[in-house]
Amino acid sequence: DAKTTQPTSMDCAEGRAANLPCNHSTISGNEYVYWYRQIHSQGPQYIIHGLKNNETNEMASLIITEDRKSSTLILPHATLRDTAVYYCIVRVKVSGTYKYIFGTGTRLKVLA
Amino acid sequence: EAGVTQFPSHSVIEKGQTVTLRCDPISGHDNLYWYRRVMGKEIKFLLHFVKESKQDESGMPNNRFLAERTGGTYSTLKVQPAELEDSGVYFCASSQAGTSGRAQETQYFGPGTRLLVL
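Quick note, the sequences are listed as chains A and B, same order. Under this note's numbering, the first sequence has 36 at position 36, and the numbering climbs by one with no breaks. To convert, take the position in the second sequence, counting from 1, and add 1000; that gives this note's numbering.
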């Protein structure tokens, strides 16, 4: 029942922008897109989320297409500490519960 | 502010034994979730508590798994008896209740418990 599709892995040069794509073509109108990352042996760490509009915070920017079928997470200046697995998640509501549907994630490697 | 904590960080048990995992959510968070990732698969939802009540346990794999949240604070997840396929990482997450009709309940995850059943 995966709702997101992401590339398995990506490399990015240190200091450059990392652009991580995600497809969520079956997303419903009231379902949010969330991005988390997991650094080795830690739990998933919240990055950003959005519904329709583009969002930006101190960590990243989230660009959502107008049809909401895909999005891109942008890390503007990647550092070695950004090496992690990045999960694009659709938050669904079922019977009063907001649950996260995780994809397989993109393993981002930032290269010196 | 302390984050979500989980205990133990690792557990190695033999098939047929019982294991109990504990999760302490962020103070004041009414919502508590359990997820798990088994080898080679995605992280999947197990269940959701609102305070001490089970709101949704549709992701629980079978009746060998029992989750409780007495008093609406910490939660335990017991596996009895454990089977080989239960090996994986069990994550707990918590979130605040939605406010003003905008239930943007961002979930904050703990570090996980790595369970290995031999």
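Treat the hints loosely; a few may be bogus.
[Unchecked claim] Here are some, though not all, of the chain A residues that point toward chain B, as calculated from beta-carbon distances under 8 Å:
1. C12
2. N30
3. V94
4. S95
5. Y98
6. K99
7. F102
[Stated by the list, open to error] Ranges between beta-carbon positions, derived for each pair:
8. B/E1042 with A/G29: 31 to 37 Å
9. A/R81 with B/N1062: 36 to 42 Å
10. B/R1064 with A/G96: 21 to 27 Å
Worth flagging that the hints you see were computed from the coordinates, not collected in a lab. C-beta atoms are modelled at their ideal positions from N, C-alpha and C, and glycine is treated no differently.
Hints and how they fare:
1. C12: 23 Å, violated
2. N30: Where the cut-off is 8 Å and the nearest Cβ of chain B is about 10 Å from A/N30, the hint is violated.
3. V94: 7 Å, holds
4. S95: 6 Å, holds
5. Y98: 5 Å, holds
6. K99: 4 Å, holds
7. F102: Nearest chain B Cβ about 4 Å off; hint holds.
8. B/E1042 with A/G29: 31 to 37 Å: This hint is violated: roughly 24 Å between Cβ atoms.
9. A/R81 with B/N1062: 36 to 42 Å: For B/N1062 against A/R81, whose Cβ atoms are near 40 Å apart, the range 36 to 42 Å holds.
10. B/R1064 with A/G96: 21 to 27 Å: 26 Å, holds
Of the numbered hints stated above, those contradicted by the structure are hints 1, 2, 8, listed in ascending order.
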